[in-house]
Structure formats: structure tokens, C-alpha cells
Amino acid sequence: MNVRLSGRAVFLILWDIFATYIAFIFATFGTSQGDDIFATTDWIFLFGIVAVVNFGIFVILRMYNNLREYASTNEMLQIVYATVISVPVSAVVHYVAGNRLPIRVYLLAWFVLVVLTGGARFAFRYWRHGKQLISQRPNNVSRRRTLIVGAGETGSLTINRMAAGDYSMQGIPVACVDDDVSKHGLRIHNIKVVGSTDMIQDLVRTLAIEQIVVAIPSATPDQRRRIYDICLSTNCRLLTLPNVRNLRMEELGGVQLREVQLADLLSRDEVVLDTRLVSGYLAGRTVLITGGGGSIGSELARQVAAVGISKLIIFDIYENTAYDLQRELSDRYPEIPVVVEIGSIRDKKRLEKLFSTYQPEVVFHAAAHKHVPLMENNPREAVLNNVFGTLNVAEAAVGNAVQYFIHISTDKAVNPTSVMGATKRLGEMIIQRFAQISPTKFAAVRFGNVLGSNGSVLPIFQRQIAEAGPVTVTDPDITRYFMTIPEASRLVIQAGGMAKGGEIFILEMGEPVKIDDLVRNLIKLSGMTPDVDIEIKYTGLRPGEKLYEELLMDSETTLPTEVNGILVSTAVPESTEAVQAKLRALEACLNGDEQSIIDCLAEQVPTYRHNAANQQAKVNDTPGINNVNDTPDVASPTAPPISTPPISSPPTPPSRKLNQSNG
Numbered sequence: 083m084n085v086r087l088s089g090r091a092v093f094l095i096l097w098d099i100f101a102t103y104i105a106f107i108f109a110t111f112g113t114s115q116g117d118d119i120f121a122t123t124d125w126i127f128l129f130g131i132v133a134v135v136n137f138g139i140f141v142i143l144r145m146y147n148n149l150r151e152y153a154s155t156n157e158m159l160q161i162v163y164a165t166v167i168s169v170p171v172s173a174v175v176h177y178v179a180g181n182r183l184p185i186r187v188y189l190l191a192w193f194v195l196v197v198l199t200g201g202a203r204f205a206f207r208y209w210r211h212g213k214q215l216i217s218q219r220p221n222n223v224s225r226r227r228t229l230i231v232g233a234g235e236t237g238s239l240t241i242n243r244m245a246a247g248d249y250s251m252q253g254i255p256v257a258c259v260d261d262d263v264s265k266h267g268l269r270i271h272n273i274k275v276v277g278s279t280d281m282i283q284d285l286v287r288t289l290a291i292e293q294i295v296v297a298i299p300s301a302t303p304d305q306r307r308r309i310y311d312i313c314l315s316t317n318c319r320l321l322t323l324p325n326v327r328n329l330r331m332e333e334l335g336g337v338q339l340r341e342v343q344l345a346d347l348l349s350r351d352e353v354v355l356d357t358r359l360v361s362g363y364l365a366g367r368t369v370l371i372t373g374g375g376g377s378i379g380s381e382l383a384r385q386v387a388a389v390g391i392s393k394l395i396i397f398d399i400y401e402n403t404a405y406d407l408q409r410e411l412s413d414r415y416p417e418i419p420v421v422v423e424i425g426s427i428r429d430k431k432r433l434e435k436l437f438s439t440y441q442p443e444v445v446f447h448a449a450a451h452k453h454v455p456l457m458e459n460n461p462r463e464a465v466l467n468n469v470f471g472t473l474n475v476a477e478a479a480v481g482n483a484v485q486y487f488i489h490i491s492t493d494k495a496v497n498p499t500s501v502m503g504a505t506k507r508l509g510e511m512i513i514q515r516f517a518q519i520s521p522t523k524f525a526a527v528r529f530g531n532v533l534g535s536n537g538s539v540l541p542i543f544q545r546q547i548a549e550a551g552p553v554t555v556t557d558p559d560i561t562r563y564f565m566t567i568p569e570a571s572r573l574v575i576q577a578g579g580m581a582k583g584g585e586i587f588i589l590e591m592g593e594p595v596k597i598d599d600l601v602r603n604l605i606k607l608s609g610m611t612p613d614v615d616i617e618i619k620y621t622g623l624r625p626g627e628k629l630y631e632e633l634l635m636d637s638e639t640t641l642p643t644e645v646n647g648i649l650v651s652t653a654v655p656e657s658t659e660a661v662q663a664k665l666r667a668l669e670a671c672l673n674g675d676e677q678s679i680i681d682c683l684a685e686q687v688p689t690y691r692h693n694a695a696n697q698q699a700k701v702n703d704t705p706g707i708n709n710v711n712d713t714p715d716v717a718s719p720t721a722p723p724i725s726t727p728p729i730s731s732p733p734t735p736p737s738r739k740l741n742q743s744n745g
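The sequence shown begins at 83 in our numbering and counts up by one.
Heads up, a few of these hints could be off.
Okay, derived cross-link-like pairs now, DSSO-like style, lysine-lysine, Cα gap no bigger than 30 Å in a straight line [to be verified]:
#1 Lys-523 to Lys-431
#2 Lys-596 to Lys-393
#3 Lys-596 to Lys-619
#4 Lys-435 to Lys-582
#5 Lys-431 to Lys-393
#6 Lys-435 to Lys-523
#7 Lys-435 to Lys-393
#8 Lys-523 to Lys-393
#9 Lys-523 to Lys-582
#10 Lys-582 to Lys-431
Distance ranges between label pairs, derived from CB positions [as the list claims (entries may be wrong)]:
#11 His-266 to Ala-388: 41 to 49 Å
#12 Glu-417 to Phe-93: 50 to 58 Å
#13 Thr-643 to Thr-439: 28 to 36 Å
#14 Thr-643 to Phe-93: 53 to 61 Å
#15 Val-197 to Arg-340: 37 to 45 Å
Simulated from the structure, these hints should not be mistaken for lab results. Please read these numbers as outputs of a predicted model, since none were measured by experiment. C-beta atoms are modelled at their ideal positions from N, C-alpha and C, and glycine is treated no differently.
The whole structure should be built from the sequences, with the hints applied where relevant.
Laid out in C-alpha cells, this is it:
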């Protein structure tokens, strides 16, 4: 047996031997058997047998390998289980050796042994925990009077650690609220559950509350939104912590409070990746991600690497983020080769070499120019990158027998009012065109803004708040759909697993968020009052910007899929001939001026409602709501222009013998 002889293990071994003797000595006197047993020195050998048996059972059950800093309930159950085995085994050994003890001695000794062996381990826990609290204690900490929202497991943990003076959970618990009426009037670690969440505002005033901890991870999104709205109206410091139900017992000591973030206020239940659905088309395969260094691309890389792919190719024009991602994934998944290739999707020769070298089986196409106002002033670049760059990647995929091609689209492709949106709509048409004429399973996934993406407006808002304002919003009524990067990436990957060819999958984005409300909540989270401490300034819509985003065109309806949160469009795709004609016409316009390119886009995308004044407006330095979803794939200055007709029939894919284990 492997016993790790650390200082703690040696101490516990010696203590368990000592505890065995003490337990049986106490049990012997406690049952009035002392005169008979201690008449000779045989008791030393007799109790030594029990100590040896205990030690052997504890070693077999790895009781001395369990060297976590904190003892847990599981460890206590192990002790009970071990002693339940060792005491009867010792009785059998005694019987065989001819030395019998009354059964009541064994029963009392077992109870005392559990108390002594378990007590030592929990005493060690509290000693170490106390030392940690002292080492973590900051100087001159002001402990705020705290209201706990939630009387469940998470709320109980918060109150217990606050009351114990844990400085990783600073605060003085004063009261608790919960919407479960059956808990009203009860006490949690001597803190009373005084009522429901409707009382928060009154309690803040009457109890001089300075800080609120929201400890309700199991609440529904609507419940959390309502509670956060109430809490934000109090101007108290607002904190939360993770769901302790997802943690092991020994991890509870590391749980810490954190500031409530914007993603918490949006209160979406994030989708968990269905490994059954995605492993069928990803596991054991080579995956290529264009724009892999960007926000969505990099998160896609993290998610697919966890599924057990055979190789990951990250293709991006910007080397720094791609290199950082390569280092991160190589450290986390050393068994998966992670390759970074630098280049532009506008370079057909570069793409052909990339595909022929690595022969990817699955492609996620995330590379694109996505900055709406900048593309209004640079329509040629948007067309070259988002339209013909997508065409180049699709042709390379078909020519190299790629099995799955997932195109990342945007809600701005729906009834577009911007150059960026119109080019992304043409990208969807290209994907559906290739799905009709090739064995590769092409599909597009359409969704809205993602929180925390590169170029996101949120850091701009936060910087403006830190500088005491003003915070600039384009329009008081402007709304956007939001989801987090990990959630969007998981849904994209799962949509790929359902692709049969030609689908446009639409991610359910929940309710649209008014940017004005978002900014006001950010100001409140910073401990200030909107329009009092921080001015909100409205600057007017920017070039190409919509007041409201849409996820469906007028001619589209949707059907549900097997994955909650993913819909599929029922719109009839454009014919291959119509898409070819659009690409020819658009290519012919590339030699003209910017206005002719915009006019041509409007002709090829009938739903494109371009404002004639947009191209006259210039992007100024005052940001309002930003339409950036990701790092754009910027074309290389040396990338060759399109010189061959992009609408030729796709090359005949070479035959590829599939790995039978991969389907």
C-alpha cells in the first residue's frame, strides 16, 4: 500500500494507534470489565491487535492519503466505515486467539474511536483554517452590515463564513431574506430569515444595510432579474458567489464573494455543451478555425479541444492572440497538436496550401470584418473579406473534402442597414449555394452581440464611468441582443452537430436589452447614480446602425431543433444560379468607387435597406453602442486581388478514406 508519509500522515498514524488504546481502555472501565482485563499485561497485546487491524484497514481505505487541507463530511463517513470494519475484524482475531471481550466493550470502544479519530482530523481542519484566515486578514478592514438574499445552501455558507470572521467573505451578516415562505422566521447560523425579497428596500433603510450578497444560484432568470433590479435601487454594494452545489465539500473553503457583473444582470441560463451531440462529428478529427485568434474563434477552439479532437488548426491574420491561444491550449491539452497558421482568407493560394497540408475535416469560419461604422467607410474591404474571403474558404473546403463547414453569421445580416450586415447576408447565401452542389455539410449560425468580445463597447462604457462621464449612448431606445462568448460558442458547436446541409441556425438570444438600461445598471454597479453622479449623453445613431436588431427576415419562420436555444430557418435558399449571378455582378463593381459598391450591394441583397446619408457620415471619436462581436480578420496588404471568376463550379473533391471509428 502506498502511504504518503507527510508530517500530517505520521501524526495521524500515531494518533490513531494512541486513540485505539484510549478507546478500549475507556470502554473497558466504562463497562466495568477493568478488574478482569487489567489483571495482567495481556491487555497491551490485546489492544495492540486492534491498533494493527485499524491501521491496516485505514491504509487499505487510503485514509492517510487523504491530505486535503480541509477534512470533509466524506472523510468522516470513511472513518465510520473503516471503524465499522476494523472493530468486528479485531473481535474475530481476539476470538481466534482465545481472548474474548464482551460485546458491549467493542460497541463503546467503536463509538469512542470514531470520536477520537474523526475529531483529530476536524481539529486539524479548523487549526489550518484559522491560520489561513489570519494570514488573509487585511489591515483596517471595514466590515459592512450585510443582507443575505437566499436561505439555501449558498446563503448558509455565506452566513457561516461571515459570522466566523472569514476575510474572504467580508461583512457582518445582519438578516436574510428568501421568497420561500416556509423559511420565514427560521434562523441560519443564528441569523433570522426575516421575510421575502420584496422587503429588501425597507430592510436596507431600517437595518442600515451597506452590502447585499445575492446567494440564489438556483433561481430562474426572471427571478434573478427582479431581485437584481431591487438591489440596484438601494445603492448598496452588490456581491454574489458561485453555486456551491457544483463544488465538492473540500472546495467550499475556496469560494469567494465577487462583484456582480453585467452578465449576472442579463440573467441568462447558459447552455451546457451536449457532448453526445458534438462528439460524433468532432471527436478524433482535425478542426480548422478561421479567425481563430478572435473572441468567438478562440472560445470555439477551447470548446472543441475539450471534446477530444485529433488536431486543431488556428488560422488568423493577427499573430499575437493566436500565439497566446496556442500556448494556453497546449498547456491545457498537451495530447492535442495545436497549430497556428498566419494568413488572410482573401489569399486563395494561401488557403489552398493550408487545406491541402492539414486536410481538416471540420471548419468553423469565424474570420470577418465586423465593425459596422468602419465598414460603412470601407465597403470594398468588407466585400473582399466577408464575401469573397468566405467564398475562398468554402471553395478550399469543398476541394479538400471537408465534411462539416460552419459559418459564423450575425443578426446584422437580417434586413441589413449596414455594409457589414449586407456582406454577411451574402456570406449566408454562399454557404447555402455550396450546400446544394457539394457533399460537404454547410451550415450558418446567426446570433447577436456577445459580452466581453474584442472591441466590445462595455470596456468603453466602463472607462467613461471611471473617468466620471459622460457615458455616450447613440439613442435612448436602442436595443441589442446579448449572450456570453462561451454560451454562443457552445451553441455554434452544437448546431454543427445537427447540420445536414444548407441550414441557417438561429440562436435564441432571449429578450433584447435596452442599451440605456445597460449603461444605467453599469453606473449603479459602480456605486453611483445615473444622471446625478454620471451624465448619460445621447449622440445619435452611427453610420449603418440599427435602432433594433432582428433575428429573422420577413420571409423567414423557424422550427425548433433537438437542442434548446437553437432554431432553424425555414426560408427557401437562393438558387445556385442566382447566387452565381450576384457574385459576378458584385465582382464587376469592385473596380468602381465606394458608392458603386454600395449600390451594387443593395441590388444583390434585396433586404438591404441602406440609408443614403450613411455613406456621407464619417466615424467620429465619440462611441455609442458598438456593434463589434469579434476581432476582424484584416486582409493582408500583400493579399492578391480576386482575378479569377469566383462563381465557377466547385472543384471535385478528392476521395478520402474515413477513419471507421469516426464514422
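Results of checking the hints against the structure:
Between Lys-523 and Lys-431 the CA atoms are separated by roughly 23 Å; this keeps the pair inside 30 Å, and the hint holds. Distance hint between Lys-596 and Lys-393 is unfulfilled; the C-alpha atoms sit about 41 Å from each other, more than 30 Å. Among the hinted pairs, Lys-596 with Lys-619 is consistent with the structure: their alpha-carbon atoms are about 15 Å apart, no more than 30 Å. Note on Lys-435 and Lys-582: the hinted pairing holds, with a Cα-Cα distance of about 27 Å set against a maximum of 30 Å.
Straight-line distance between C-alpha atoms of Lys-431 and Lys-393 comes to about 22 Å, which keeps the hinted pair within the 30 Å bound. A C-alpha spacing of about 22 Å is found between Lys-435 and Lys-523, which places the hinted pair at or below 30 Å, so the restraint holds. A distance of roughly 17 Å separates the Cα atoms of Lys-435 and Lys-393; the hinted pair therefore holds under the 30 Å criterion. Proposed proximity of Lys-523 and Lys-393 is supported: the alpha carbons are some 20 Å apart, at most 30 Å.
A C-alpha spacing of about 6 Å is found between Lys-523 and Lys-582, which places the hinted pair at or below 30 Å, so the restraint holds. With a C-alpha separation of about 29 Å, the suggested pairing of Lys-582 with Lys-431 holds against the 30 Å cut-off. Between His-266 and Ala-388 the CB atoms are about 43 Å apart, so this pair conforms to the stated range of 41 to 49 Å. In this structure the hint that Glu-417 and Phe-93 lie 50 to 58 Å apart at CB is violated, the actual value being about 39 Å.
Here the CB-CB span from Thr-643 to Thr-439 is close to 35 Å, well matched to the stated 28 to 36 Å. A C-beta distance of roughly 58 Å is found between Thr-643 and Phe-93, which places it inside the suggested range of 53 to 61 Å. Look at Val-197 against Arg-340: about 38 Å separates their beta carbons, and that is inside 37 to 45 Å.
The earlier numbered hints that this structure contradicts are 2 and 12.
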